[in-house]
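Based on the sequences and whatever the hints tell you, model everything.
Residue numbers (our numbering), protein chains in the order written: chain A, 166 to 626; chain B, 145 to 410; chain C, 7 to 382.
Don't read these hints as lab results, they were simulated from the structure. For each residue, glycine too, the CB sits at the ideal point set by N, CA and C. Don't take each hint at face value.
[Unchecked claim] Derived coverage of chain B by chain A (criterion: at least 3 residues anywhere in the stretch with Cβ under 8 angstroms from a Cβ of chain A; other residues may be distant):
(1) 204-212
(2) 298-308
[Claimed, not checked] In silico negatives: residues of chain C with every beta carbon more than 10 angstroms from chain B:
(3) K16
(4) S122
(5) K148
(6) A151
(7) S196
(8) E212
(9) N228
(10) L271
(11) V277
(12) K312
(13) T333
(14) R334
(15) N335
(16) A343
(17) M347
(18) F350
For reference, the chains in residue letters:
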Amino acid sequence: MTSNSNSADEDQMNIMMDMEGNVYLPINKTFMSKKARIEKVMVKGLNKTKDDIVLKQFPGVFTAENLYEVYRKAEEARERLLRLDIFSATNVELDTANDSSKPDSYSLIVNVKEGRTMNGGMHMNSDLNGNITPDMQIHFRNLFGRAEKTMLDYQFYSYGASTSRINLKFTKPLGGDPDVLYSLGVQQYRGTQEWAGFKQIDRGIYSGLMFPSAFGTHTLQWNGFWREANCLNHKTSFPIRESMGHSMKSSISHTLIRDRRGTSPFPKSGYRLKTTQEYAGVGGDVKFLKNELELEMNKSLPFGASLQLNIGSGVLRSLNGTAVKVSDKYFLGGPLSLRGFKINGVGPTSDGNSLGANSYWLGGLHLYTPLPFLPNLGGIGKHIKTHCFVNAGGLVNVDFNQNWEQILQKYRESPRVSYGAGLAMQISLFRLELNYCVPVKVQPGDNVNPGLQFGIGIKFP
Amino acid sequence: MTTLKEMVASAMTVELGAKEPWPDNVNLYQTYEAGQILLPDSASCLSVKAFLEMCGLKYSVVLRNNAEHMSPSGKVPFIQIGPFLISEFEPIIGFVNTKVHGFHLSANLDDTERAEMRAYMALVDNILVNAEHYISWCDATVLQTVTKPRYGSPYPWPLNKLVPLKKWYEETSRLKALGWSQKTLSEVCEEVQTCCQALSERLDKNNFFFGNRPTELDALVFGHLFTILTTPMPVNKLAEIVKNFDNLVHFCARIEQQYFSATEAS
Amino acid sequence: MADMDLEVWKGDWDLPSVDTNCLTVLFIKVHHMLYTSIMHVCCRHDSINIQMQVGRNSRMLYTCTLYIPRGLKYVQFIDNPEAYCKFSGVSIDIKATNNPRKSPTGCLPVLRHNGSAYTKVTDIFSYLRRKNWGIDFELNSKQSADILAFTSLLETKLLPAILHLWWGNSQVFIDITRPWYGSAVGFPQSLYVPNRMHKAATDRVETECYPHLEMTPQEKENLIYKEAQECITLLSKRLGNKPFFFGKTPSSLDAIVFGYLAPMLKAPLPVNPLSKHLGTCYNLCQLCSRILSKYFPLSREELEEKRKREEAEKARAQELGDFPHRTRNIVLAVLFALSSMVAFTFFTGMLALEIVDADGGGDNMSEPKGQGKRKS
Numbered sequence: 166m167t168s169n170s171n172s173a174d175e176d177q178m179n180i181m182m183d184m185e186g187n188v189y190l191p192i193n194k195t196f197m198s199k200k201a202r203i204e205k206v207m208v209k210g211l212n213k214t215k216d217d218i219v220l221k222q223f224p225g226v227f228t229a230e231n232l233y234e235v236y237r238k239a240e241e242a243r244e245r246l247l248r249l250d251i252f253s254a255t256n257v258e259l260d261t262a263n264d265s266s267k268p269d270s271y272s273l274i275v276n277v278k279e280g281r282t283m284n285g286g287m288h289m290n291s292d293l294n295g296n297i298t299p300d301m302q303i304h305f306r307n308l309f310g311r312a313e314k315t316m317l318d319y320q321f322y323s324y325g326a327s328t329s330r331i332n333l334k335f336t337k338p339l340g341g342d343p344d345v346l347y348s349l350g351v352q353q354y355r356g357t358q359e360w361a362g363f364k365q366i367d368r369g370i371y372s373g374l375m376f377p378s379a380f381g382t383h384t385l386q387w388n389g390f391w392r393e394a395n396c397l398n399h400k401t402s403f404p405i406r407e408s409m410g411h412s413m414k415s416s417i418s419h420t421l422i423r424d425r426r427g428t429s430p431f432p433k434s435g436y437r438l439k440t441t442q443e444y445a446g447v448g449g450d451v452k453f454l455k456n457e458l459e460l461e462m463n464k465s466l467p468f469g470a471s472l473q474l475n476i477g478s479g480v481l482r483s484l485n486g487t488a489v490k491v492s493d494k495y496f497l498g499g500p501l502s503l504r505g506f507k508i509n510g511v512g513p514t515s516d517g518n519s520l521g522a523n524s525y526w527l528g529g530l531h532l533y534t535p536l537p538f539l540p541n542l543g544g545i546g547k548h549i550k551t552h553c554f555v556n557a558g559g560l561v562n563v564d565f566n567q568n569w570e571q572i573l574q575k576y577r578e579s580p581r582v583s584y585g586a587g588l589a590m591q592i593s594l595f596r597l598e599l600n601y602c603v604p605v606k607v608q609p610g611d612n613v614n615p616g617l618q619f620g621i622g623i624k625f626p
Numbered sequence: 145m146t147t148l149k150e151m152v153a154s155a156m157t158v159e160l161g162a163k164e165p166w167p168d169n170v171n172l173y174q175t176y177e178a179g180q181i182l183l184p185d186s187a188s189c190l191s192v193k194a195f196l197e198m199c200g201l202k203y204s205v206v207l208r209n210n211a212e213h214m215s216p217s218g219k220v221p222f223i224q225i226g227p228f229l230i231s232e233f234e235p236i237i238g239f240v241n242t243k244v245h246g247f248h249l250s251a252n253l254d255d256t257e258r259a260e261m262r263a264y265m266a267l268v269d270n271i272l273v274n275a276e277h278y279i280s281w282c283d284a285t286v287l288q289t290v291t292k293p294r295y296g297s298p299y300p301w302p303l304n305k306l307v308p309l310k311k312w313y314e315e316t317s318r319l320k321a322l323g324w325s326q327k328t329l330s331e332v333c334e335e336v337q338t339c340c341q342a343l344s345e346r347l348d349k350n351n352f353f354f355g356n357r358p359t360e361l362d363a364l365v366f367g368h369l370f371t372i373l374t375t376p377m378p379v380n381k382l383a384e385i386v387k388n389f390d391n392l393v394h395f396c397a398r399i400e401q402q403y404f405s406a407t408e409a410s
Numbered sequence: 007m008a009d010m011d012l013e014v015w016k017g018d019w020d021l022p023s024v025d026t027n028c029l030t031v032l033f034i035k036v037h038h039m040l041y042t043s044i045m046h047v048c049c050r051h052d053s054i055n056i057q058m059q060v061g062r063n064s065r066m067l068y069t070c071t072l073y074i075p076r077g078l079k080y081v082q083f084i085d086n087p088e089a090y091c092k093f094s095g096v097s098i099d100i101k102a103t104n105n106p107r108k109s110p111t112g113c114l115p116v117l118r119h120n121g122s123a124y125t126k127v128t129d130i131f132s133y134l135r136r137k138n139w140g141i142d143f144e145l146n147s148k149q150s151a152d153i154l155a156f157t158s159l160l161e162t163k164l165l166p167a168i169l170h171l172w173w174g175n176s177q178v179f180i181d182i183t184r185p186w187y188g189s190a191v192g193f194p195q196s197l198y199v200p201n202r203m204h205k206a207a208t209d210r211v212e213t214e215c216y217p218h219l220e221m222t223p224q225e226k227e228n229l230i231y232k233e234a235q236e237c238i239t240l241l242s243k244r245l246g247n248k249p250f251f252f253g254k255t256p257s258s259l260d261a262i263v264f265g266y267l268a269p270m271l272k273a274p275l276p277v278n279p280l281s282k283h284l285g286t287c288y289n290l291c292q293l294c295s296r297i298l299s300k301y302f303p304l305s306r307e308e309l310e311e312k313r314k315r316e317e318a319e320k321a322r323a324q325e326l327g328d329f330p331h332r333t334r335n336i337v338l339a340v341l342f343a344l345s346s347m348v349a350f351t352f353f354t355g356m357l358a359l360e361i362v363d364a365d366g367g368g369d370n371m372s373e374p375k376g377q378g379k380r381k382s
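Right, here's the structure in full:
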């Protein structure tokens with residue numbers, strides 16, 4: 166707690182700071198007119214962190230001309246320091262300069278406490294077959310003093326488990342800016358796509374840059390992955406078999422995310438837009454161009470209810486004339502995408518295996534209401550809602566040699582629609598849903614799952 | 145047993161039961177002959193082709209660079225017949241013998257001869273096949289100059305180096321479990337010599353191994369010996385050993401002339 | 007000629023050795039000794055000189071002298087190969103060392119002579135043949151070729167099943183194989199030698215199965231045993247009614263078949279998928295018992311030991327019969343004791359359950375049970 170009691174001014178300047186160091190400034194004319202300047206910045210508590218990165222969090226702090234600006238710059242600096250994710254606590258104080266010849270000068274004292282360099286955890290992952298595998302994560306923060314982070318994520322592989330993963334990722338804020346992140350990683354991921362009858366091992370490296378702009382957050386990433394796809398068992402259908410083998414995907418992707426939603430697990434206002442473009446062909450033998458779009462819009466309704474509209478669509482176009490491999494195709498269906506269908510069970514199918522397609526579209530309209538009788542339910546009421554929904558979607562193999570009308574005709578011919586109601590729960594990244602679904606429009610070959618459907622997945626809140 | 149022999153001998157007999165006629169659109173999948181396939185796989189494919197030719201069954205060859213991964217057992221060749229996929233020599237002949245009527249090459253052998261035929265087929269499997277794998281994957285010269293470039297040829301960099309490396313590891317583990325990777329080249333040549341000696345003794349001066357009609361053993365031996373004789377390799381020891389046995393060399397030439405040059409001409 | 011050393015695994019269950027390859031080589035050695043023919047006998051007043059040819063085709067002649075005590079009228083020679091072995095100037099010394107560590111490949115049997123060591127059965131055969139030991143001297147080249155072919159057949163079709171039976175089947179491995187080999191090598195080798203052999207055997211079985219990529223382990227197992235049954239049928243057909251595979255005299259093929267089948271027939275395996283099929287191939291079973299009784303008869307001490315073992319087994323079975331469910335009763339008693347202790351602690355309130363909401367300061371989801379916590 167601090168107050169400017171050394172000021173010679175008679176006005177009371179009640180600057181309030183709470184337990185966490187948030188500053189509440191009463192804005193009044195006196196404050197704005199009072200001349201003040203920051204003469205000196207002192208940072209205490211630095212151990213490993215390099216000076217230059219700390220100093221870069223105080224842009225323009227010396228340009229402040231009045232007291233209000235001084236406090237505002239100090240507060241901004243504090244926030245930026247926290248966003249670097251190096252310090253476990255930061256505290257900003259203002260003190261008058263010792264030099265009495267400059268009565269308007271202040272020195273900024275920043276007390277920081279560096280956080281632990283290494284932390285991590287282990288938890289158990291359970292897949293839908295009941296196999297339990299341990300998952301271990303270790304984070305190293307502030308490795309070389311400039312807010313670099315290294316994360317190691319290792320999920321053990323055991324026979325029968327459907328996924329395993331090892332991921333080593335290095336992140337660094339560029340130019341000291343916590344919003345501009347450079348990342349470099351290497352990953353091996355083993356997954357089983359039971360719906361399509363194959364299993365795949367991805368090994369590769371990726372490198373990307375994330376930066377903000379007026380449109381939102383951009384991510385520019387290069388991926389180089391060696392994929393090895395093998396049939397799951399002797400029931401795998403022939404069209405899937407033709408896609409098996411080794412392939413190399415070297416691609417550049419750009420993603421833009423603009424998230425203007427309210428902050429709660431089930432936002433009641435705002436929208437989120439995500440668009441991705443991926444060009445594969447910078448080396449490797451897989452050449453395609455992919456475009457994806459996702460939009461979520463929320464509107465609040467009376468009595469604590471809210472309405473949500475989800476739209477998604479993606480198109481993949483192969484560039485050198487060869488058939489698209491099943492590893493790159495789109496799949497649809499499941500409790501978090503097109504409800505009422507088995508996971509990735511929307512056709513076209515062959516011998517029970519979903520073949521995927523080179524484009525998809527998906528729409529959903531959800532009405533969320535708080536739980537009817539126990540709105541709070543011990544504090545986790547905001548995480549569970551009842552919802553009723555209408556979902557529509559389709560998988561279409563677009564033939565790029567046809568003209569627009571023919572292509573649109575294909576889209577019109579193959580919609581799938583379902584509706585239903587149930588419970589939805591969102592806890593941080595995980596979403597659980599228990600729904601009763603009624604598919605009303607299906608196409609031949611779809612793997613339908615009417616009635617009660619339970620699903621767990623990752624959905625960004 | 146005699147009634148079965150009579151029924152099978154006549155190709156025009158319609159058999160009741162699970163047997164079906166050979167369809168027209170049978171495909172045999174393998175990897176590319178010119179630039180990709182390796183010695184053991186080439187020998188295997190040729191054995192199957194010889195068998196089908198001897199039976200007079202029609203098939204078309206489809207070349208895919210991922211034929212190994214498409215196959216149900218991970219090995220080429222495999223045939224697609226109707227809804228079935230069968231890979232490798234023994235399962236294919238088993239399938240043809242049981243599911244397709246009229247084609248049982250060794251139907252007129254008695255029990256002792258059939259046991260001998262299976263034994264000689266096991267001999268080829270145990271010695272020639274393992275020797276082919278050895279020379280492709282355990283001999284440093286052949287590995288660097290022939291095997292690795294060929295196996296990695298369909299893939300872009302860096303897969304053309306990584307994929308053969310992975311396969312090399314799998315193959316040498318397999319050969320180690322069988323006790324072959326520890327042998328020296330001269331030991332392998334000795335074994336091949338013994339094997340060819342045994343085959344040569346069995347063939348003697350006859351046209352085929354059993355009687356005057358070809359059997360599965362003839363197809364298998366032809367496939368492997370012909371491939372060894374005609375595949376150019378930097379280390380030619382195996383071919384030199386086979387060349388020492390005149391009757392085997394003539395046998396290969398005869399089969400090739402009888403069953404393969406006719407199809408080439410057409 | 008210096009002595010040759012043959013290191014083998016020891017025997018059990020009426021067999022001279024438990025291991026397949028050891029049995030095969032022992033048979034060769036023993037059979038060779040049976041073909042020691044007496045060339046010339048010269049009797050003197052106090053001794054008998056016997057000149058023998060050891061081995062069928064060898065040129066080795068040995069002379070041995072028997073000194074007769076005064077007054078003895080008759081001397082009877084007993085048909086015992088071990089006896090001949092001791093008289094002749096050359097011998098193969100059989101050592102049941104049970105120690106695979108000293109072997110160059112880590113496996114037994116090992117034949118050592120003049121500083122060189124051979125472990126593979128075919129290597130041992132060819133070495134012995136070079137020294138004019140062994141059998142197969144009467145076979146023509148076509149029959150030798152047949153032997154090579156059938157050996158390959160056994161290696162590719164029967165060996166995986168046998169390896170799987172002894173090392174891959176968990177019941178047999180835990181009940182019979184691991185304890186037997188563990189006690190044979192002794193501590194501390196019993197900690198890693200059986201496991202090493204287990205890994206080598208399972209690796210070998212894995213590589214053999216060709217449609218292997220997409221098969222479940224159960225399907226692989228079924229395939230292995232099916233092939234083994236076919237192989238046994240083929241062998242049975244080839245043997246037919248003859249006493250041995252190539253007529254009246256045994257060959258190396260008989261030795262190899264004996265090596266594969268005898269352990270399976272004699273060992274008390276808890277489960278054997280091949281036993282039924284083997285039972286129908288009567289001629290093969292007879293071949294094995296004939297070889298055992300003729301070439302490896304049990305000596306008087308071994309017969310005595312066997313009788314004692316059988317009596318001990320019967321006594322133990324008797325005791326189990328009186329308390330057939332001993333283990334079950336013990337487990338039930340322990341469970342009952344534990345549950346009554348737990349129930350007692352709850353009833354007297356030494357422990358209590360209290361369900362508290364995860365949020366801590368929020369609402370309590372239920373009332374605490376019991377009379378609250380009380381330190382005992």
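Do the hints match the structure? See the list:
{"no.": "1", "hint": "204-212", "verdict": "holds (count 4)"}
{"no.": "2", "hint": "298-308", "verdict": "holds (count 7)"}
{"no.": "3", "hint": "K16", "verdict": "24 angstroms, holds"}
{"no.": "4", "hint": "S122", "verdict": "15 angstroms, holds"}
{"no.": "5", "hint": "K148", "verdict": "5 angstroms, violated"}
{"no.": "6", "hint": "A151", "verdict": "4 angstroms, violated"}
{"no.": "7", "hint": "S196", "verdict": "24 angstroms, holds"}
{"no.": "8", "hint": "E212", "verdict": "7 angstroms, violated"}
{"no.": "9", "hint": "N228", "verdict": "14 angstroms, holds"}
{"no.": "10", "hint": "L271", "verdict": "21 angstroms, holds"}
{"no.": "11", "hint": "V277", "verdict": "25 angstroms, holds"}
{"no.": "12", "hint": "K312", "verdict": "36 angstroms, holds"}
{"no.": "13", "hint": "T333", "verdict": "39 angstroms, holds"}
{"no.": "14", "hint": "R334", "verdict": "42 angstroms, holds"}
{"no.": "15", "hint": "N335", "verdict": "46 angstroms, holds"}
{"no.": "16", "hint": "A343", "verdict": "50 angstroms, holds"}
{"no.": "17", "hint": "M347", "verdict": "53 angstroms, holds"}
{"no.": "18", "hint": "F350", "verdict": "58 angstroms, holds"}
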